[in-house]
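Let chain A serve as the given structure and place chain B on it in line with the hints.
In order, the protein sequence lines correspond to chains A and B.
Residue numbers 575 to 1012, in our numbering, belong to the letters of the first sequence in order.
Residue numbers 8 to 276, in our numbering, belong to the letters of the second sequence in order.
For the record, the hints were derived by calculation from the structure and aren't laboratory data.
Wrong hints could be hidden among the right ones.
[Unchecked claim] Ranges of calculated distance between the beta carbons of each label pair, as one might list FRET restraints: (1) Asp-148(B) <-> Val-753(A): 44 to 52 Å; (2) Pro-707(A) <-> Thr-178(B): 33 to 41 Å; (3) Asp-148(B) <-> Trp-966(A): 29 to 37 Å; (4) Val-813(A) <-> Leu-253(B): 38 to 46 Å; (5) Glu-664(A) <-> Ala-88(B): 53 to 61 Å; (6) Glu-958(A) <-> Leu-81(B): 16 to 24 Å; (7) Val-985(A) <-> Pro-181(B): 57 to 65 Å; (8) Phe-878(A) <-> Pro-181(B): 48 to 56 Å.
For every residue, glycine included, the Cβ atom is placed at its ideal position computed from N, Cα and C.
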Amino acid sequence: MSKPSAVDVESKVLAPLIAKPGRGFWIAVSLLGGVFFWGLLAWGWQIKNGLRVTGLNAPVFWGIYLVNFVFFIGISHAGTLISSILRIAETEWRRPFTRAAEAITVFSLPFGASSVIVDLGRPDRLLNVILYPHFTSPILWDVLCITTYLATSCLYFYLALIPDIALCRDRLSSAVGPVRRWLYEMLALGWTGTKVQWKTLHKIMGGMSVFLFALVISVHTNVSFVFGLTTKPGWHTAVIGPYFVVGAIYSGVATVIVAMIAIRKLFHLETYLTEDHFNRIGKFLLALCCFWFYFTCVEFLTVFYGRETAHMAVFNAKFFGEYAWLFWTMFTCCFIIPLPVLAIRRLRTIANLVWLGIVINIGMWLERYSIIVPSGARPYLSWEIGRYTPSWVECSITAAWFSGFCLLFLVFTRVFPILTVWEINEESAAGKTNLPAG
Amino acid sequence: MEIKDQNRRDFLKWFGAAVGGVWAFTSRAFAARGEDEQVQARGKHRWGMVIDLDRCTGCQACVVACSVENNQMLGGPEEAALGRVIRWLKILPRTEAEGSHIRQSLVPMPCQQCEDPPCTRVCPTSATFMNPEGIVGQVYDRCIGCRYCVNACPYTCKFFNWGEPQWPKETQTPFNPDVSVRYKGVVEKCLFCHQRLQRAKDKAREEGRKIEEGDYVTACQAACPAQAIVFGDLNDPESEVSRLALSHRSFKMLEELGTKPKVIYLREG
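Isolated chain A (complex conformation) (with noise of 0.2 Å):
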């Protein structure tokens, strides 16, 4: 197939911004808004009654609040995996990936903060994490952490914009109402393309995809740190770290392929996102299916090994007692189906890859689940076993969360090109002369 020119790669990446939206596209603001707003209003009642107008309880203190934390600070993680650590690695499959991967990371990490604010009893009281810290908690290296990712991506992501928010400013002024164009303008920073603006720019994010590669691993570390440190059976295990941080990455390539799958099919940009990209794409995700199946291996062999009765209750609980079908899904989400799919080349497809991704991530937002709530249900000491079925103010927020997360994307993709444009003419440009690109 004959490389694109970079002429071609601009006026089609840039269509999107100038058409007019249709009305799929109102419709699907509205909805995702309504849903969003729904959530907000049934925040503002746990606000006023408290936390029992959800279906915690004692002993699961625990539930679908801190399950959507790790999952979606997990999904922001396949942002900085595929633009950082596959730039580290010169990656060329990885370029038409870069934008969408690190928007969902911008996207993804206010929603995942959010959600632990949304689980405190007090949430106006936030501020004393930083005004009284206590330097042992966990809690609080996620503080730091979180915030320190959230900060850095956003510039990352931001630095990787600026080229093609010059390219917006040159080619859509006439094109575009005067909000945008003040938009582009101020945001471009006088971006001109000249040679030491390049050097700098790359410079730059060589050094931050290094620096983004070792905060990826510790933020994930850390939020499974959360658990892992309590002795509560269950979750006091070293692996739950490298399983946090591989279970994060699966979960988020699998999102930024659908999201990558839509985008391709919305705006035609089937000459840029190629078969050959998702295939590749496809065995990545192949290889963290297979790290993933190993480290769940290793933490439930080692636990049944072991046979320590409070370990052991919450090993039945899951493996054959009530979270028994909860398990058996996840587990069938995250191995058993997408194993063939992804291993067998007929299968691996783009018509396939689409529904993959989902169902992974329905099973990795099923893994939290199964790490979180049967060890909160089955304490050391033998009180009555805790049952927990979460309420209508806990599924209306955690929907309001996706919609959230879905609606930010949506928009950003009407404003800013979603193609990385830069990347995918380098990409080009290393085709052509073999050159080692970035």
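Relative to chain A, chain B alone:
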């Protein structure tokens, strides 16, 4: 070249200042910790409790006394069904089976007042802490309600106010004025009737003497008709609680977790 040197010197200066600042801050934090340990070594009080399971009849008088003394929510059947009623002292049913012989025993469980508490370690705001006399406290006004300490407690002896606690009108007048009434969204726990320690200390000071054995009695101890609960100073080798703690019948709950509880049980004989 000159400019570069200047930059480096500036960088080193700032870097040095930053490292120094962090060092000063952390060393202060550790120094404060050291002070705590010194106080402990100097032989201050270390309050502890011994519960003799052989004497306990499971009558729950201690549970009632504890709730009344500490202004605990009354709670309705719905809250009870959801596991949301707060009782700082609860009776834990235990079933022990040996072959065909099954024995049901009842264990009164207040906060175990760990010497190395897992709950204080994880609190992000120091809202839960150990005071110099070994009592694990809770600052309601600082608690953000994250419930991390509740999850970290292996005994499930910390409690969360899921909603605004409710009392019927009739039970509101006789609130214990020495104990603050909690509100929605914070964690609470057994404090070894800390208010009674304050009173005992005040009384001893008025009378110009040191606090003695028997001055400080917890509500559960006072209410126990079988005298199964003994309370006192574990740092005083003469106290009854110290003597009983050395009994061959004594054990601690989940001792293998290394929390070093200051509530000690005496096995049924």
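Hint by hint, here is what the structure shows:
no., hint, in the structure
1, Asp-148(B) <-> Val-753(A): 44 to 52 Å, "holds, 46 Å"
2, Pro-707(A) <-> Thr-178(B): 33 to 41 Å, "holds, 39 Å"
3, Asp-148(B) <-> Trp-966(A): 29 to 37 Å, "holds, 31 Å"
4, Val-813(A) <-> Leu-253(B): 38 to 46 Å, "holds, 41 Å"
5, Glu-664(A) <-> Ala-88(B): 53 to 61 Å, "holds, 60 Å"
6, Glu-958(A) <-> Leu-81(B): 16 to 24 Å, "holds, 19 Å"
7, Val-985(A) <-> Pro-181(B): 57 to 65 Å, "holds, 58 Å"
8, Phe-878(A) <-> Pro-181(B): 48 to 56 Å, "holds, 54 Å"
In summary, the structure agrees with every hint in the numbered list given earlier.
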